[in-house]
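The listed protein sequences derive, respectively, from chains A and B.
Counting from 1 along the first sequence, just add 47 to a position and that's the residue number in our numbering.
Going by our numbering, the residue at position 231 of the second sequence is 224; the numbering climbs one at a time, nothing skipped.
Since the hints were derived computationally from the structure, they do not count as laboratory data.
Note that the Cβ used here is the ideal one computed from N, Cα and C, for glycine as well.
Among the hints, erroneous ones may be present.
To be verified - Covered stretches of chain B (in silico footprint by chain A; criterion: 3 or more residues with CB under 8 Å from a CB of chain A, positions within the stretch not fixed):
#, stretch
1, 78 to 87
2, 120 to 130
3, 163 to 177
4, 267 to 279
5, 377 to 385
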Amino acid sequence: MRRRLSYEGLALAAPVTVPYQRYSTHGAHWFIGRAMHALLAQSGLSRQQIDGLTVSSFTLGSDTAVGVAQHLGLSPRWLDHIPTGGASGVMALRRAARAVQAGDAEIVACVAGDTNQPDTFAHTLNHFADFARDASFPYGAGGPNAVFSLITTHYMRRYGATREDFGRIAVAQRNNAMHNPNALLRQPLDMQQYLEARPIAEAIHLLDCVMPCAGAEAFLVMRAEQARDLGLPHVLLRGAIERHNAYADDPVMERGGWRMDRDDLYAQADVQAGDIDLIQTYDDYPVIVMMQFEDLGFCEKGEGPDFVRRHGLDFAGSFPNNTSGGQLSCGQAGAAGGFIGVTETIRQLTGQAGSRTVAQARLGMVCGFGMVTYDRCLCTGAAILEKAA
Amino acid sequence: MNTRPETKLPPYPTQIDLPPHARGRTALGMTAAAARGEFMLQQCSDCGAVQYPPRQACHRCLGADLPWQRQPQGAVLASQTVLHHSNARYFRHRLPWHVGLARLDCGPTVMLHLPAELPEAARLRVHMRLDRAGSAILIGLPEEEATEMKDSALIQELGCDPRGRTILVTDAQSLAGRAIVTALTQAGAARIWAGCPVIVDPLRKNAVAQAVQLDPRDVGSLRAAAAAIGEELDMVINTTTLQAPARVATLVDRNDASTEMDINYFGLLRLAEVFSPLLRQRSAAQPQHMPAWVNLLSIGALASLPGQASYCASQAAAHCFSQGLRADLSGAGVRVMNLFPGPLEDDSPAQSPGIRVAPAVLARALLQGLRSGLEDVYPGELAQDWLSRWRADPKVFEREVNRPPG
Chain A
48 MRRRLSYEGL ALAAPVTVPY QRYSTHGAHW FIGRAMHALL AQSGLSRQQI
98 DGLTVSSFTL GSDTAVGVAQ HLGLSPRWLD HIPTGGASGV MALRRAARAV
148 QAGDAEIVAC VAGDTNQPDT FAHTLNHFAD FARDASFPYG AGGPNAVFSL
198 ITTHYMRRYG ATREDFGRIA VAQRNNAMHN PNALLRQPLD MQQYLEARPI
248 AEAIHLLDCV MPCAGAEAFL VMRAEQARDL GLPHVLLRGA IERHNAYADD
298 PVMERGGWRM DRDDLYAQAD VQAGDIDLIQ TYDDYPVIVM MQFEDLGFCE
348 KGEGPDFVRR HGLDFAGSFP NNTSGGQLSC GQAGAAGGFI GVTETIRQLT
398 GQAGSRTVAQ ARLGMVCGFG MVTYDRCLCT GAAILEKAA
Chain B
-6 MNTRPETKLP PYPTQIDLPP HARGRTALGM TAAAARGEFM LQQCSDCGAV
44 QYPPRQACHR CLGADLPWQR QPQGAVLASQ TVLHHSNARY FRHRLPWHVG
94 LARLDCGPTV MLHLPAELPE AARLRVHMRL DRAGSAILIG LPEEEATEMK
144 DSALIQELGC DPRGRTILVT DAQSLAGRAI VTALTQAGAA RIWAGCPVIV
194 DPLRKNAVAQ AVQLDPRDVG SLRAAAAAIG EELDMVINTT TLQAPARVAT
244 LVDRNDASTE MDINYFGLLR LAEVFSPLLR QRSAAQPQHM PAWVNLLSIG
294 ALASLPGQAS YCASQAAAHC FSQGLRADLS GAGVRVMNLF PGPLEDDSPA
344 QSPGIRVAPA VLARALLQGL RSGLEDVYPG ELAQDWLSRW RADPKVFERE
394 VNRPPG
């Protein structure tokens, strides 16, 4: 395969989080509008200077990115609608970076936002995908909880993971969230409480599940030179991959597409797994966090349980993971759940992470994972970001 | 004098929670197979790959021709779980709920309902059934079907076993009606209301059956019968059917045609008007049992048979109406099943020669169809043969059975 063009000279800046709410009467457009407002306020840019836009959301109704542009009074010359939920953050930054690199846009705003009303989640599940409607939702209507329970149960049997192993991930993330004012779940959590949470679907208990909420996340992609000229704290994009519908023949999902492309990722960034200082895994369920540790090469397949036993996973630990608290503690604001790792990594590497800052971090990894359309999750992505010199 | 008993509104709710019923057009092929009691999946005409979930392009070779074909039902359980939470109220009432993933011997991985926790990597036989909303679902049962699995609530609710149920047989005096009453009695029905236009013989030696006067031509008599039966009615088996003697010389006899239409079509309409609300209410009052409405139609509902044009027209009319009745009652969780036998053995002196369906065969097919939750049943070899010819090409079937004289 031909070596891919590098992302040299491309930067991410202006990490924005529109505060999460459990439920909101506002629509997705409101949250996306607040995110855009915050991007401009934080960067000092005018609306006209934003000439590229990506939009990710599940609750826009029949609206798409161009409807959002009209709604917000934007007139971009480059536009993308990225409806891939948990993978949308990594996918957005890849697309935006290439657009900027090619000169199709100067400054791209990548925005994800969703509202949440008491019936939103069930509605989204009901209308998620043809395969889900025909072949998974009728089987108990458990939504992703049911699918990931089947995946978790299988993984536990095959590789000997225990609930305590998953609990280590959830408890460490809660410790991180206690340093994040935007996290919806900030009360202390110990292993006992984790283990005693009520069962949702066999292996999965309440504290393995993300809490759906309303909110938005956003960031800007531009040339590093431009970020410097604008005086914007920024990070550099060193490498990024994505893969969809990988390993379709595995009867039950036990590895993700990251494994197919990880060598390419590290080669592009010219670093190794051991060089990564902090990681934002996609944490819709702890078993997937463990799978990312394996599939991205931090340990071998099946060594995930041992890996989490050997490492401290909070921001002060030996392997800082989901330093904002992740979705498990912050909440899952729809498609913004695919962006939360990007904004957190930018904050960590630009000195904006406050008391949860990982000391002396230079390289951060962000992972994306999205779209359970039937029996597994289809989209995977990962990016390596570096602190600007 | 026309006395109409007061219609009493039942004290219980008439709404019922149903499983998610939405399916795409392609996936309805599975519902069609399940309605007939078959196990079919799409298979690519170009490369032979079996497809699941239902799709419009082959996942292996992108072929576009994906006909539904019978498939082997064997599978291996790949993973299983127990749901303690559901986003649908139907399942919330039934928690904990077992589901699993299984790898079919014919290729695809399917999500399916399980009756209970099963051994790891268990060999399964996968069944395609209609759920309470009338949409197709897959169920995995252990390959050696243990009796307790068949008795599980999951399997029970997908069928309409007559055991313990209260059933109305609208015409219990015909040969078919009598055989059906006997079969239902033997199957453990709690109570059978045996409809008779005039009560002549009060069903001696049957402690379960009780005669009720019922004339499908008279809506007043139906209302009176409904009042006598009360709210606890689980099944209506419409055995009321009339066929004038076959006619070779003339195509049209308007008197015969009106009588056939009045009994076979309008009779069903009147029965539906009076009794379908009772099944609706029963479904909501006892959600764990699926009520059923059964129509004894004829294979002649599909195409006109020689010398029986007006009779077949009345059967076609009843068939068409039954589809509307099914759509209406599916929202209430009530199964509508049609029996399409070939010519029945009956008491009529004018019976023409030829292959006839024995009453016991008909009754057996009825019971099996009820227990399997089917929608369309074609009892007897003749009906099966005609069905396959009709499915192959309705026009060819029309011409091959209706040969010109001479």
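So, going through the hints one by one against the coordinates:
Judged by the Cβ-Cβ criterion of 8 Å, the stretch 78 to 87 of chain B is covered by chain A as claimed, because 6 of its residues qualify and three suffice. As drawn, the stretch 120 to 130 of chain B meets chain A at 3 residues by the rule of a beta-carbon pair under 8 Å; at three or more, the given contact holds. Check result for the stretch 163 to 177 of chain B against chain A: violated, 0 residues qualifying (beta carbon to beta carbon below 8 Å, three or more required). Under the rule that three or more residues need a Cβ within less than 8 Å of chain A, the assignment of the stretch 267 to 279 of chain B is violated, with 0 such residues.
Note: the stretch 377 to 385 of chain B has 0 residues with beta-carbon separation from chain A under 8 Å; the three-residue rule is not met and the coverage is violated.
Hint violations for this structure: numbers 3, 4 and 5, all remaining hints satisfied.
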